[in-house]
Amino acid sequence: MAHPDATPATHLRNPAFTQALRAVLPSQALLLDAEQLGPYECDGLTAYRQLPGMVCLPDTVEQVRAILRLCAQYRVPVVARGAGTGLSGGALPLAEGIILSLAKFNRILEIDPLNRCARVEPGVRNLAITQAVANHGLYYAPDPSSQIACSIGGNVAENSGGVHCLKYGLTVHNVLGLKVLTLDGDILELGGAALDAPGYDLLAVLHGSEGLLGIIVEITVKLLPKPERAQLLLAAFASVAQAGEAVGQIISAGFIPAGLEMMDNLAIRAAEAYAHVGYPVDAAALLLCELDGTNQEVSEQIFQVRQLLLAAGATDVHTARDEQERLKLWAGRKAAFPAVGRIAPDYYCMDGTIPRKRLSEVLQRIAELSAEYNLPVANVFHAGDGNLHPLILYDANKPGELARAEQFGGQILELCVAVGGTITGEHGVGVEKLGQMCTQFAPLELQQFHAIKHAFDPLGLLNPGKAVPTLHRCAEFGAMHVHAGKLAFPEIERF
Amino acid sequence: MSSDISAQLQTAVREALAARTPLQIEGGGSKRFYGRSPHGTVISTAQHSGVINYEPTELVITARAGTPLNTIENLLAEQGQMLPFEPPHFGPGATLGGAIACGLSGPRRPYAGAVRDFVLGVKILTGQGDILTFGGQVMKNVAGFDASRLMAGALGTLGIILEASLKVLPRPAHEQTLTFECTSAEAIRNMNRWAALPLPISGAAYDGVHVYLRLSGGAAGVRQACAELGGTVHADAHHFWHQLREQQLPFFQGGGSLWRLSLPPATPPLALPGQWFIDWGGAQRWLRNPLPAEVIRATAARLGGHTMLFKRDETDAPHEIFQPLPPPLASIHRRLKAAFDPHGILNPGRLYANW
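The listed protein sequences derive, respectively, from chains A and B. This note's numbering puts the first sequence at residues 94 to 588. This note's numbering puts the second sequence at residues 266 to 620.
Check before you lean on any hint, since a few could be wrong.
Pairwise CB distance ranges (calculated) [claimed, not checked]:
| hint | chain 1 | residue 1 | chain 2 | residue 2 | range |
| --- | --- | --- | --- | --- | --- |
| 1 | A | Gln224 | B | Val498 | 37 to 43 Å |
| 2 | B | Met266 | A | Val374 | 51 to 57 Å |
| 3 | A | Arg106 | B | Ala272 | 49 to 55 Å |
| 4 | A | Val374 | B | Arg458 | 45 to 51 Å |
| 5 | A | Ala404 | B | Val498 | 32 to 38 Å |
Rough simulated footprint, nothing fancy, chain A against chain B, three-plus residues with beta-carbon under 8 Å [stated by the list, open to error]:
| hint | segment |
| --- | --- |
| 6 | 404–413 |
| 7 | 476–489 |
| 8 | 540–549 |
Read the hints as simulated data drawn from the structure, not as lab findings. Beta carbons: idealized from backbone N, C-alpha and C, even for Gly.
Isolated chain A, as found in the complex (with noise of 0.2 Å):
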């Protein structure tokens, strides 16, 4: 199991600080004890579990700046926390430092339908987004699965994708501007409803710094006009070799799908049977191929689509009938992961990327593994755009077991970096994949990384420990980056 890094001496306890704290938050924004810490013992990675020293649950960016700058002042890490959704442990807390909670930020502050963005609190729910204009004709795209309950600040923390990335990008593609508070409590303003800023693009460097370099108090999301039509095209295959053909075929005959899944078999027989959606259970992938535009447009693409997975062997293609039977398509897809859950006592879910010609050997690798770790395997896969979610079945009473999936899971996640991809496509790092970021970077890179940091956070407080491991953790982690046939930290001593 990973732990966080080591973190820097702290003051948490200093009865002064607490009192401090009480001075700037009402009391019940202020939670010591331990029954009120339980429920921010972990995210939605849950194998991972550490009580906070306290949490902080403010909802003034007042309130926010006065902790921060108490947390300077007494050397206390802080870890945001939106609602906890996070899949790598990026909100895992520090036994010494405070969870910030952004849970009450939750406020949509102003919708502006003609230039299609609007400003947002961190805590607001993806969902909620859309839900507040689509009566604008508008929405806001990136849509991961968790979209019901995940807050658009940890989206932007975790630079979130979902299922329709292909056309419309992640989270860093669809989000405008943000206010971003330094522990110094400075307030940054990086972009806003203007299509570019000034100066470096800080911006970027936001999504995906998973609480490293600043808290998140205000988000303007860019808005794109809801297309007048999607249609859904479900296609089975024999092969997962050949449903990933035909994933290459329908990009080079230059169709950008709006949504592009392919699901191997033991996950299309999980999703059916909890979803029942009607999935055909003996293909051996399935490939979910949704088409969005105007009427015209989605009518051509859906034929010709369709045509071109025909020739690339589909068994067959079914297109959704109506509205609600592409919704119940999709929701089997979106299902997958609880459905998965329901086929064994637990599951530990991966989050590689893959250049996409590289899936039947990956695929097939995946599959020995899955033999010699006697684990078995379901794959979802974000065909569009090469992410891949193994998910590992195990049992966590079974002494071992856990430590079996992890290993499998490194060993996953260190295949898809020796093709050529990379070891969190959305999940982000968090305390997860600490170890796999040696096996991605090499030393100079990390500390070019731990740099940038610096610049945002000199004091090392904010969520330290996750998403860069230190060089000495990657010393010890063994399974290093080999950079130009050389053993990298020739410096550090091996244990």
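Please arrange chain B on chain A, whose structure you already have, making use of the hints.
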């Protein structure tokens, strides 16, 4: 032509570092006018060129910084693909590295995205003489801070871009441009109203008389949109958008300083006197006028935007090019600069004075 001179470039930077000699980074020299005046010894990436990898089905191209934009665009066009941000060249020598470092995007920007939106990964040479690789060749990648997009628009002040991987997209099968005669207030309102509708818009500009609205996509979709919108079909639209992108339209000719204002797109016409050209559906406005810089800057800031002196007339008094940064933001900039280039040898003063 393909050659890898990263080792020579690294040696040159290390020597400059040892001697504390400032370097001015140059690719094709086509955007030398942009930003504050370059100074220092020239270090050229022009010979560091060649496409390293291009996989049309992966929608990704990787090339060395000195690769001419023309080469890349022609290669993509052969496969029916394109750089979606429509980068301005501003000269025959324009390179990939320069396009990313300057961070400039063409008319398609509001509808497809900017340079930074398509940068997937970079290899850079820092001011410490280190070669670092960030991001990669895949579309979704959240491992480590996003140092790749940070290079877009940084004008080389954080590192010399050696290679970059970009996401590319299929060229639209069909394109049509409609024109509408109207006032500037109507133009801004209409361009933004249309952008809020599910129409395949890929460009919207106003030259003071006409709105030019470009629609791109499948033939049926473009036909449907044209039928709904009305207007007059432009006969030579490709030429128009090209000239707009390259600032070759009559508006951009002649002397005098050229200001760029980046504003919330629906901002009504500004009361500032001068000649205006509106692009990006209202989000990018070009202004030729003799007003003091402070007036233009203050106006843009009040409206939630910013401004830059895009082209400075030789006869104007020298002053800052980019909108000054508020103190907390300026100090993060200086610290970031120091994190990549602690001795300030890479393009010092090109973005802001003193660093």
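Results for each hint:
Range check, Gln224(A) to Val498(B): Cβ separation about 39 Å, and the 37 to 43 Å hint holds. A C-beta distance of roughly 55 Å is found between Met266(B) and Val374(A), which places it inside the suggested range of 51 to 57 Å. Checked against the given bound of 49 to 55 Å, the beta carbons of Arg106(A) and Ala272(B), roughly 54 Å apart, stay inside it. For Val374(A) and Arg458(B), the hinted distance range of 45 to 51 Å is satisfied, since their beta carbons lie about 48 Å from each other.
Distance hint for Ala404(A) and Val498(B): a CB-CB separation of about 35 Å, consistent with the stated range 32 to 38 Å. Residues of the segment 404–413 of chain B with a Cβ under 8 Å from some Cβ of chain A number 9, which satisfies the need for three, so the listed coverage holds. Note: the segment 476–489 of chain B has 7 residues with beta-carbon separation from chain A under 8 Å; the three-residue rule is met and the coverage holds. As drawn, the segment 540–549 of chain B meets chain A at 3 residues by the rule of a beta-carbon pair under 8 Å; at three or more, the given contact holds.
Taken one by one, the earlier hints all hold for this structure without exception.
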